[in-house]
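S.K.: As you go down the protein sequences, you meet chains A and B in turn. Here the first sequence is numbered in my numbering, starting from 1 and rising by one per residue. Here the second sequence is numbered in my numbering, starting from 1001 and rising by one per residue.
Keep in mind that the hints were calculated from the coordinates and are not lab data. Beta carbons: idealized from backbone N, C-alpha and C, even for Gly. Just so you know, not all the hints are guaranteed correct.
Heads up, simulated DMTMM-like pairs for lysine to aspartate or glutamate below, C-alpha to C-alpha not over 20 Å straight-line [said to hold, decoys possible]: (1) B:Lys1058 - A:Asp36; (2) B:Lys1122 - A:Asp44; (3) B:Lys1058 - A:Asp44.
Below, a sample of chain B positions facing chain A; criterion: calculated Cβ distance under 7 Å [unchecked claim]: (4) Gln1060; (5) Arg1063; (6) Gly1123; (7) Leu1127; (8) Ser1240.
In case you want the letters, here they are:
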Amino acid sequence: MTREKIVETTKEFLAEEFEVSVDVIKDDADLQETLDLDSLDYVDLVVIIEENFGFKVEQNDFTDIKTFSDFYGYVEKKLG
Amino acid sequence: MRRVVITGTGIYSSLGINKAEVTDSLYKGKSGIIYDEPRKEIGFRSALTGSVPTPNLKGQLDRRQRKSMAEQCDYAYCSTKEALDEAGIDMDFLAQNEAGVIFGNDSSSKAVIESVDVVRAKGDTTLLGSGSIFQSMNCTVTMNLSTIFKLRGINMTLSAACASGSHSVGMGYILVAHGYQDMVVCGGAQEINPNAMASFDGISAFSANEANPTKASKPFDKDRDGLVPGGGAATLILESLESAQARGANIIAEVVGYGFSSNGEHISNPNLDGQVRSLEMALKQGNLNPSDIDYINAHATSTPIGDSFEAQAIHKVFGSETPVSSTKSMTGHECWMAGASELVYSMLMMKNGFVAPNINFENPDEFSEKINIFAATEERTLKTILSNSFGFGGTNSSVIIKQYD
């Protein structure tokens, strides 16, 4: 999957799941702050990532994911 | 003991999604029962069910709130919002005053079954997501209502089979009457999906009259052949008289009696002694004579054995004159919610001056011919009503409500 497609898919499912505008999902924005994630929301994030990209994120992996750009890079690596 | 009044009610059921719609259905004797083909496809003996629309709560509740709510919580949110609005209670009031919540609910089958399906398919519990645990527990309704409405008093779910909703009102009444709480949000909620009803269908408890859905539930009629499942939610705001007066609330009615008993016998068959004790206890507590009761909303579910025992119990305690009807003829059996919803139905009749019909009651049997069942709507002043609920395991509950003087 190309990075462009990863970004497009991610924006779509995050906006849908967390009920935010696609416009606020910017590459350098903080993922936790933008989506207003608490510990329970991270569980739901694991679920929708698995549904959309077919792999399961271990919760510890989120430690290194600060921005959306970090997330796209992480997905690229996992799918790579 | 303090006097306990009702200052708000709400209803969401197969008869309508608010009190105005439900009052109209009750008056017209309109059935909420349908034939639901998908039940047949998954092996149901009877595909009959009450039909309850799915509320769209997006825009009313945020994602985090909705995520934790099982189906019956959606209904309970709607009925509770309506009840609180009628009672004139807003979030500011609840932030300043302690209100409790007790709801009858005895299953959350859909959430449990779907979570098991996911775990079996994915082999990973994390993939259940965050909402599953909060939807799956029996206390899902009170857990969610207390969180949404910031209720800070007693917080519990009452599970007592088909008497759950009635006992929840009874327990709220006890807590307010004895001064433990000034206000308790009481009610009952019932999921209506096939998962919730499969095991009930499995014991052949449901009517097989699939050709005539609106005619299938016929409590007390000699040709009744089983119940029809229904669902939704109902809410009653119970409050001490002092609390209601202090805030200038509109007082709708007063809870004056709560009787209860357990049969201590068979797990599904009723018993006359238990029902009679429940009725007599409610009357005694209200310091009432049987002739003081203007209307009995019967538990009668349309099962051959259940209705015959209740007809005998009513005849033994009240004789042959007191008006009786079972609104389950229109709603089907709303199970965990029934005790609460039938109190709301009865209060709507009280407010609007009529007895709702026991539709489909065409021919009595040897027991129902001895009591005064209203098969058609009748304009009538109702000052004091009694509602029965009897559940599996022999749990019995009778609640008496009186117009407020």
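S.K.: Next, verify each hint and record whether it holds.
M.R.: Going down the list of hints, with the structure as the test:
no.	hint	verdict
1	B:Lys1058 - A:Asp36	holds, 18 Å
2	B:Lys1122 - A:Asp44	holds, 15 Å
3	B:Lys1058 - A:Asp44	holds, 18 Å
4	Gln1060	violated, 13 Å
5	Arg1063	holds, 5 Å
6	Gly1123	violated, 10 Å
7	Leu1127	holds, 6 Å
8	Ser1240	violated, 37 Å
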